[in-house]
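*Asks:* Sequence:
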Amino acid sequence: MESLTGQKRWQLARPAPAQVERLRSQLGCSPTFACLLALRAADRDPDLFLHNDLGSLGSPWQLKGMAEATQRIVQALQAGERIFIHGDFDVDGLTSSAMLYRALRALGGRTIKVEIEDRRRGHGLNQVIAERIAAEGFQLLITTDCGSSDVKPIRRLQQAGVEVIVTDHHRTPEVLPAAVALINPQQPGCSSPPSRLAGVGVAYQLVRALYERLGRTAELGERYLDLVMFGTVADLVPLVQESQAENKILVANGLRLLARGEGSLGLRVLLKVLRLDPTRLSTADLGYIVAPKLNAANRVGDPRVAFLLLTTEDPARAEYLTEVLLDYNADRRLAQENLRDQALALAGQEFDRQRDRIIILSGQGWNPGVIGLVASALVDRFYLPTILIAQGEKIVRGSGRSIREFNLVAALSRVQHLFQRYGGHQMAAGFSIANENIPALKEELGAYARRELADLEAPTGRIDAVLQADEINLELYEELQRLAPFGVGNPEPRFLLPQAQLIEAHAVGADGRHLKLQLAAAQRHLEAIGFNMAELLPQLGSGQLLNPVFKLSRNDWRGHARVELELEDLLAAD
Numbered sequence: 000m001e002s003l004t005g006q007k008r009w010q011l012a013r014p015a016p017a018q019v020e021r022l023r024s025q026l027g028c029s030p031t032f033a034c035l036l037a038l039r040a041a042d043r044d045p046d047l048f049l050h051n052d053l054g055s056l057g058s059p060w061q062l063k064g065m066a067e068a069t070q071r072i073v074q075a076l077q078a079g080e081r082i083f084i085h086g087d088f089d090v091d092g093l094t095s096s097a098m099l100y101r102a103l104r105a106l107g108g109r110t111i112k113v114e115i116e117d118r119r120r121g122h123g124l125n126q127v128i129a130e131r132i133a134a135e136g137f138q139l140l141i142t143t144d145c146g147s148s149d150v151k152p153i154r155r156l157q158q159a160g161v162e163v164i165v166t167d168h169h170r171t172p173e174v175l176p177a178a179v180a181l182i183n184p185q186q187p188g189c190s191s192p193p194s195r196l197a198g199v200g201v202a203y204q205l206v207r208a209l210y211e212r213l214g215r216t217a218e219l220g221e222r223y224l225d226l227v228m229f230g231t232v233a234d235l236v237p238l239v240q241e242s243q244a245e246n247k248i249l250v251a252n253g254l255r256l257l258a259r260g261e262g263s264l265g266l267r268v269l270l271k272v273l274r275l276d277p278t279r280l281s282t283a284d285l286g287y288i289v290a291p292k293l294n295a296a297n298r299v300g301d302p303r304v305a306f307l308l309l310t311t312e313d314p315a316r317a318e319y320l321t322e323v324l325l326d327y328n329a330d331r332r333l334a335q336e337n338l339r340d341q342a343l344a345l346a347g348q349e350f351d352r353q354r355d356r357i358i359i360l361s362g363q364g365w366n367p368g369v370i371g372l373v374a375s376a377l378v379d380r381f382y383l384p385t386i387l388i389a390q391g392e393k394i395v396r397g398s399g400r401s402i403r404e405f406n407l408v409a410a411l412s413r414v415q416h417l418f419q420r421y422g423g424h425q426m427a428a429g430f431s432i433a434n435e436n437i438p439a440l441k442e443e444l445g446a447y448a449r450r451e452l453a454d455l456e457a458p459t460g461r462i463d464a465v466l467q468a469d470e471i472n473l474e475l476y477e478e479l480q481r482l483a484p485f486g487v488g489n490p491e492p493r494f495l496l497p498q499a500q501l502i503e504a505h506a507v508g509a510d511g512r513h514l515k516l517q518l519a520a521a522q523r524h525l526e527a528i529g530f531n532m533a534e535l536l537p538q539l540g541s542g543q544l545l546n547p548v549f550k551l552s553r554n555d556w557r558g559h560a561r562v563e564l565e566l567e568d569l570l571a572a573d
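If you use numbering that gives the first Met the number 0, the sequence shown corresponds to residues 0 to 573, in order.
Do not take every clue at face value.
What the hints assert, rightly or not - Below, computed lysine-lysine pairings styled on DSS-like, alpha-carbon distance capped at 25 Å:
1) Lys393 - Lys151
2) Lys515 - Lys7
3) Lys7 - Lys550
4) Lys151 - Lys112
5) Lys393 - Lys441
6) Lys7 - Lys63
7) Lys292 - Lys271
8) Lys550 - Lys515
What the hints assert, rightly or not - What follows is a set of in silico ranges between Cβ atoms, one per label pair, in the way DEER data are often shown:
9) Glu477 - Ala134: 25 to 33 Å
10) Ala15 - Asp117: 48 to 56 Å
11) Gln480 - Tyr382: 29 to 37 Å
12) Arg561 - Asn436: 53 to 61 Å
13) Val507 - Ala409: 35 to 43 Å
14) Gln126 - Trp60: 27 to 35 Å
15) Tyr382 - Val507: 22 to 30 Å
16) Asn554 - Gln467: 18 to 26 Å
17) Gly5 - Gln467: 38 to 46 Å
18) Gln467 - Ser541: 17 to 25 Å
19) Gly188 - Glu336: 46 to 54 Å
20) Ser541 - Leu56: 50 to 58 Å
21) Trp60 - Ser412: 27 to 35 Å
22) Leu343 - His50: 43 to 51 Å
Keep in mind the hints are simulated off the structure, nothing from the lab.
Backbone N, C-alpha and C define an ideal beta-carbon position, used for all residues, glycine too.
Work out the full structure, taking the sequences as your base and the hints as a guide.
*Replies:* Here is the structure:
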């Protein structure tokens, strides 16, 4: 079947019939739900996807360095030492720092200073920060979501008599920093099972261990889980991986906390201003609507505003800080749109679709805070790894986004001799580089990508099941929520509706970017919405037969709930 968007090939998944029947019998569920669970579980325990019991979290003491870290922090708390928290500037780092600050204050910390890194200086610690911490007389530094690669700044702090505890989740280098404790599931010799906790998840394990060490576990309860949930979703770590579902458990319980009207005051105020109902909040809402507002502070403004919002207990201040963030976000959107237009024009001049397997663009005056967002937009458009470089007189920043077939941070490691610093993940990475090394980067990384992606084809999407029109209802939607929360590692189910007749199609939204369809199938009328799909309108006509690929969504309007198709693609019916 031909895709009208031309962006993906689609393949219908086929679970083992015996497993589907067994699950249907055990759970008393619909055939569709049994099919979805069979596809996800395969040879794994179905409970990974069905249950979100907080008691199933792994012990924090499994993490290497936890005993040393908690011992040193308890010593600092009891002695009234000055503690410095240094966190990364993204939502994962912000939530990590806010949670650790609030926890240390609750546990008796008296003098705690927090610094959220400035994007212009890059990720992690540097020598300037190290000198300032030493000069201000702090005795203990705790990092959140960074620090594993910062060998030189940590050595300088050690020489100045400042002890360091690193909490991080990024890939560790061969040479580790000389910290009192390094808590990172990725480090060699970690007794914890392989884990993909976000930075905030690692910091939460430290908080759990501190409360336990001080005999205050009952007091912790579900406190801070809204922050853990938010940072985990924003950092796009897998909710379910192999035999672990720790991130899914953390996210589910954080969502429940907000649904009860509890959690961070600032986050609750932000949701209210954005008109998001906490009782129906989804990971998609958090990732696409809420997280960009906090990230706007580090992209075009002051990241401390976002940190203050997550830690304030003053309702009036929370409302003021929320308005500042919304102003930042408006500036971010404008900067992003302008840069996207420039990048697309430059790609038209420099990018050869037949030859190139990676897009690397550079420009003077580009905002380093939005180059990653625009790189992501180009990945969506061309399905190729993309790097944008903001050139400056002295500091040159690069940010990249990738596709699942190309490990970006591993690729950067092959040309690390060109960088001043680099780091990141398989799908997203950043670096600083000298202007004179940019041509070599384009040449060397371009050659590597051509070898690695020589046989790259259009991405293949998975259709979980075919639904007939009479199967599409609110009951099925509610049953699917047993698999929630959805996200990386536990994607929202995608369905195909065969032979749907198009009744009407029109553009909707303030800027007319979205597509609204009225469909008829098996004597039923269904509504569908395609976000950012209005460009398909010229290909559509009344009476046309289509096979929509979609997710099920719930539309609440004036007290009436109905099921709606959220379009992923439109396939021409045979």
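*Asks:* Each hint: holds or not?
*Replies:* Verification of the hints:
Only pairs whose Cα atoms come within 25 Å are accepted, and Lys393 paired with Lys151 is accepted, the gap being roughly 21 Å. As the CA atoms of Lys515 and Lys7 are separated by approximately 21 Å, the hinted pair is consistent with the 25 Å bound. Among the hinted pairs, Lys7 with Lys550 is consistent with the structure: their alpha-carbon atoms are about 16 Å apart, no more than 25 Å. A threshold of 25 Å between alpha carbons decides the hint, and for Lys151 with Lys112 the separation of about 22 Å falls inside it, so the pair holds.
For the suggested pair Lys393 and Lys441, the alpha carbons sit about 19 Å apart, so the restraint of at most 25 Å is met. At most 25 Å may separate the alpha-carbon atoms for a hinted pair to count; Lys7 and Lys63 exceed this at roughly 42 Å. Proposed proximity of Lys292 and Lys271 is supported: the alpha carbons are some 13 Å apart, at most 25 Å. Restraint check for Lys550 and Lys515: satisfied, since their Cα atoms lie roughly 15 Å apart, inside the 25 Å limit.
For Glu477 and Ala134, the hinted distance range of 25 to 33 Å is not satisfied, since their beta carbons lie about 58 Å from each other. Distance hint check: the CB atoms of Ala15 and Asp117 are about 52 Å apart, consistent with the given range 48 to 56 Å. The beta-carbon spacing between Gln480 and Tyr382, approximately 31 Å, falls within the hinted interval of 29 to 37 Å. Take Arg561 and Asn436: their Cβ atoms lie about 56 Å apart, and the range 53 to 61 Å holds.
A C-beta distance of roughly 42 Å is found between Val507 and Ala409, which places it inside the suggested range of 35 to 43 Å. The hint said 27 to 35 Å for the Cβ distance between Gln126 and Trp60, and at roughly 34 Å that hint holds. For Tyr382 and Val507, the hinted distance range of 22 to 30 Å is satisfied, since their beta carbons lie about 27 Å from each other. Distance hint for Asn554 and Gln467: a CB-CB separation of about 21 Å, consistent with the stated range 18 to 26 Å.
Judged by the Cβ atoms, the range 38 to 46 Å given for Gly5 and Gln467 is violated: they are separated by roughly 27 Å. Separation of Gln467 from Ser541 is about 23 Å and conforms to the stated range, judged on CB atoms against 17 to 25 Å. Checked against the hint of 46 to 54 Å, the C-beta distance between Gly188 and Glu336 comes to roughly 47 Å, which is consistent with it. Remark: the range hint 50 to 58 Å for Ser541 to Leu56 is upheld by a beta-carbon distance near 53 Å.
For Trp60 and Ser412, the Cβ-Cβ distance of about 32 Å falls inside the hinted range of 27 to 35 Å, so the restraint holds. In this structure, Leu343 and His50 meet the distance hint of 43 to 51 Å, their C-beta atoms being roughly 45 Å apart.
When held up to the earlier numbered hints, the structure conflicts with 6, 9, 17 and fits the remainder.
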